Amino acid sequence: MKVLMKGNEAVAEAAIRAGCRHYFAYPITPQSELIEYMAKMMPKVGGTFVQAESEIAAINMVYGAAGCGKRAMTSSSSPGISLKQEGISYCSGAELPCVVVNVQRGGPGLGDIQPAQGDYFQATKGGGHGDYRIIVLAPASVQEFADMAAQAFDLADKYRNPVMILSDGMLGQMMEPVEFAEPATEDDLERLDKQHWDWCMHPNQDEPNHHHHEINSLEIDPVVLEQHVIALGKKFDRMEAAEKSWEEYNLAPDNEILCVAFGTASRIVKSAIDDLKEEGVNIGLIRPINVWPYPSEAIAAALTDKTKLVYTFELSLGQMVEDVRLAVNGKAPVEFYGKVGGIVFTPEEVKDKLKLALKV
Amino acid sequence: MQVIATRPKSLTDVGFTYCPGCLHGVAHRLIAEAMDELGMRNQTMGIAPVGCSVFAYKFFNCDMAEAAHGRAPAVATGMKRARPDMHVFTYQGDGDLAAIGTAEIVHAANRGEHFSVFFVNNAIYGMTGGQMAPTTLPAMKTSTSPYGRDVDDIGYPIAVCEMLNSLKAPYFIERVSLLSPQDILKARKAVMKAMRYNKEERGFTFVELISTCPTNWGLDPLKSCEWARENMLPYFPIGNFRDKGAEGGDK
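If you read the sequences in order, they're chains X and A.
Everything in the first sequence is counted per this note's numbering, starting at 351 for the first residue and increasing by one.
Everything in the second sequence is counted per this note's numbering, starting at 167 for the first residue and increasing by one.
Hints may be right or wrong, so weigh each one.
In the BS3-like style, the derived pairs of lysine-lysine whose C-alpha atoms are separated by at most 27 Å in a straight line are [to be verified]:
| id | chain 1 | residue 1 | chain 2 | residue 2 |
| --- | --- | --- | --- | --- |
| 1 | A | LYS365 | X | LYS544 |
| 2 | X | LYS681 | X | LYS709 |
| 3 | X | LYS390 | A | LYS359 |
Since the hints were derived computationally from the structure, they do not count as laboratory data.
Only a predicted model underlies this, so the values are computations on that prediction, with no experimental measurement involved.
The following block holds chain X by itself, in its conformation from the complex:
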């Protein structure tokens, strides 16, 4: 059964259904419906909701709950996500699975509260200090936003690493029909609770089975830290090899233009592509679904000898376009069009840009 819901509420409901019982956050627009939904629902499912004193405290509460092996989540919007970067780095260093939702707004600084994609660099290139990577899922609909909650927790558990859902104020605020997975059963929760028992903090016993588990990212001996970081690097390599995800839209061997866009921007580009198709012009789109790891090979594979231009559309001054250029590797010119400040381009604007490029 489909229900009409805001993206912020849908991802919260989906997270609870995926077995998340520990949620910590701080209010910020445009993600406030998410924290409010959790405040309302967590007590009803026997979960924990704490409105933290700051985004920094919230991610560190996640660190504590994740260290106990629980599915823990926090959410915020761009300025708050900046504050969480310290904690995300610590979670990755200590190999703690957790989920962070970013409902992006305009920046830099306080910016505004309208949708934007200016946190792409921060999300996909690190954000916090040190050598680490996180998988970043970028939804383009309320349904996908909701579906990504369970995916994010599964990936976090699989790799013992934070996973980010990189949404924006448009997807957070708009309502669309959404269908939810069945909620986790008591058996599921029991299984989830025990899955990290070999390393997480949990009730102990006397010798000889007494355990001393350490949740820690510190290693003062450089030789030992080197080995730890190399091991993390191998894990990030495994993530990169296995977790690329993208959608191919209207790709055809005779496309003269290949578009690349993610999230909200990709929906608008799709509308423009549909309109142009009715006018007899065929343009393809690669939509990265996971923006890290990045689907470089898919972009390279979509290039043909007919490709005159790769056109990247983003709600930023141009961030993902750098990854597009790396993927295209000089085989075609790469053009960029973006809007900033929380302004969203219209399908007509995208259409005009594409027509200008095609000179039709």
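Start from chain X and add chain A according to the hints.
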């Protein structure tokens, strides 16, 4: 042969990393003895701070988490909420708790979180080499207050017990010192009480332990204790600020 003293079961056999004359070892032992005596070890998780006691996660023989600088009370909140069947304590120094972690300690105390905080105050940053702490005394020289702490410029030392005592929720707040064997025996009672209340799920318990830093103060261990008694205790008076258990009827 009769054993009259032994290592608490709640301490691992990993050697301490502290300087000669440092009192962290004493503070660790008091907490470990309390865990042993109260039979809490198998149900307890601790949190180490950033600072000299950053390696405390290796020393307490229970599950331990290492927190980012100042964030221990937030991490403890997540841990206690995730495993309410277990007991949680944090171990924090003055820079960690009273400077970078001020928001976290105030709000954890204000929520009345069910865990214990052991706050070691020696008026200086030890690990980084003797810089000014939020609890550095007026006119006290450190590597970042080389002309002495100028209270007109940088303010007065923060008395954390007094500050937390303005909040309604905390269950137990006491300041003790580790400056003499008699003081340590009194400190032991306060630590024990805090951990007993912790075990009984009474609420937020806080013990400040006045300590020394012979290395960065440039004094030998005994003179450090004398200096602390003469200079720190007038500013940070020993005593109980809050004991809802003693008042009765608050449980």
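A quick look at each hint next to the structure:
1. A:LYS365 x X:LYS544: 24 Å, holds
2. X:LYS681 x X:LYS709: Holds, because 21 Å separates the two Cα atoms, which is no more than 27 Å.
3. X:LYS390 x A:LYS359: 36 Å, violated
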